[in-house]
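Participant: Sequence:
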Amino acid sequence: MKQYLLSVHYVEDAPEMSADEMETLFAATGRINDEMVAKGAWVFGGGLTTPQSATVVRIDNGATTMTDGPFVEAKEHIAGFWVLKCADLDEALAWAEKCAAVCGPIEVRPFDEHSQPA
Numbered sequence: 001m002k003q004y005l006l007s008v009h010y011v012e013d014a015p016e017m018s019a020d021e022m023e024t025l026f027a028a029t030g031r032i033n034d035e036m037v038a039k040g041a042w043v044f045g046g047g048l049t050t051p052q053s054a055t056v057v058r059i060d061n062g063a064t065t066m067t068d069g070p071f072v073e074a075k076e077h078i079a080g081f082w083v084l085k086c087a088d089l090d091e092a093l094a095w096a097e098k099c100a101a102v103c104g105p106i107e108v109r110p111f112d113e114h115s116q117p118a
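Everything in the sequence shown is counted per UniProt numbering, starting at 1 for the first residue and increasing by one.
No lab work stands behind these hints: they were computed from the structure. As the structure is a computational prediction, the values presented were derived from the model and not from experiment. There could be a bad hint or two in this list.
[Said to hold, decoys possible] Label pairs and their calculated CB-CB ranges:
1. I59 <-> D20: 25 to 31 Å
2. L25 <-> S53: 29 to 35 Å
3. G104 <-> G69: 20 to 26 Å
[As the list claims (entries may be wrong)] Okay, derived cross-link-like pairs now, DSSO-like style, lysine-lysine, Cα gap no bigger than 30 Å in a straight line:
4. K98 <-> K85
5. K98 <-> K39
6. K39 <-> K75
7. K98 <-> K2
8. K39 <-> K2
9. K98 <-> K75
10. K2 <-> K85
Yeah, the Cβ is synthetic: ideal placement off N, Cα and C, and Gly gets one too.
Produce the entire structure from the sequences given, and follow the hints as far as they go.
Facilitator: Okay, structure coming up:
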């Protein structure tokens with residue numbers, strides 16, 4: 001089975017959700033997570049805090065620097081993700097369709113075959 005990353009994106013200028021909307025979103029996402037686990041697709045997943053909470057660590061000529069904030073200055077950032085085990089891309093896309101119905105656009109990317117455990 002191949003592994004796929006399904007990522008959810010945070011858009012800075014998007015209107016903020018109300019507490020009720022967030023609760024509905026979390027409940028729907030929880031149902032999808034439970035289904036993924038039940039079907040054996042779930043490997044790992046989670047939501048992320050805002051990009052402003054990020055720290056970028058760099059090593060240049062042996063010296064480590066740490067910078068507060070996201071790696072890329074952009075209006076869109078990864079907000080959360082799933083790592084799934086799927087038989088093929090079609091199965092991963094079917095999961096992405098369920099996720100997109102709740103979370104908005106989902107980017108699907110297969111893991112490089114050389115980076116996956118045997």
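Participant: If any of the earlier hints don't hold here, list their numbers in rising order.
Facilitator: Of the numbered hints given earlier, those the structure breaks are 1, 2 and 6, listed in rising order.
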